[in-house]
Amino acid sequence: MLAEIVPPEILTPPDAYSRGFHRHNGALVIDGWLRRLAGQDARCRMVLGRLGRAFLHVRGQQGLGFARLGDYARERLGMSARELQSLARVSARLEGLPEIRRAYENGEVSWAQVRLLIGVATPDTEGGWLALARGCPECGAIPSSSRAAWPGRS
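Residue numbers for the sequence shown follow this note's numbering, beginning at 1 and rising by one.
Honestly, the hints are just simulated from the structure, not real lab data.
Incorrect hints may have been included.
[Said to hold, decoys possible] For each label pair, taking beta carbons as the anchor points, the in silico distance ranges come out as:
#	residue 1	residue 2	range
1	Gly26	Ala54	17 to 25 angstroms
2	Gly78	Arg102	22 to 30 angstroms
3	Val47	Arg74	16 to 24 angstroms
4	Ala67	Gly135	44 to 52 angstroms
The C-beta atom is built at its ideal place from N, Cα and C for all residues, glycine as well.
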């Protein structure tokens, strides 16, 4: 499966003795593939969330013979029930927060940031929250110690 995603020649380091070789060339190529795959991860989470919502709504695990959601999620998806529920919850919230959804799909904010943003942002305040999240990409977390400090609140 790896070969279908990343061509094998990409994983083979360039000949170190060839003309014009620079040791950082390989890193640049691999960086491009890593960023492309990370973008696919964002799309996959969005699709998993949408499908997960529909599956949870109809209690699909029972129709497939699983007594518990956790059993289904672990056996069929390789994730916990909580992760599937989280994906579904985030997907549902992002439907009402289009700016945050676009920022995530474009790689401007991380999954960790999105999970926090959907808990505090409203359609009226999402722009302020996005500005805060973009200003602190290494945080992965947004301080929630004071509601008075939240964008759009007085």
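Against the structure, the hints come out as follows:
Checked against the hint of 17 to 25 angstroms, the C-beta distance between Gly26 and Ala54 comes to roughly 42 angstroms, which is inconsistent with it. Taking the beta carbon of each, Gly78 and Arg102 are about 29 angstroms apart, inside 22 to 30 angstroms as hinted. For the pair Val47 and Arg74, the beta carbons lie near 20 angstroms from each other, so the given range of 16 to 24 angstroms is met. Between Ala67 and Gly135 the Cβ separation comes to about 46 angstroms, which falls inside the hinted range of 44 to 52 angstroms.
Violated hints amount to a single one, hint 1; each of the other numbered hints is respected by the structure.
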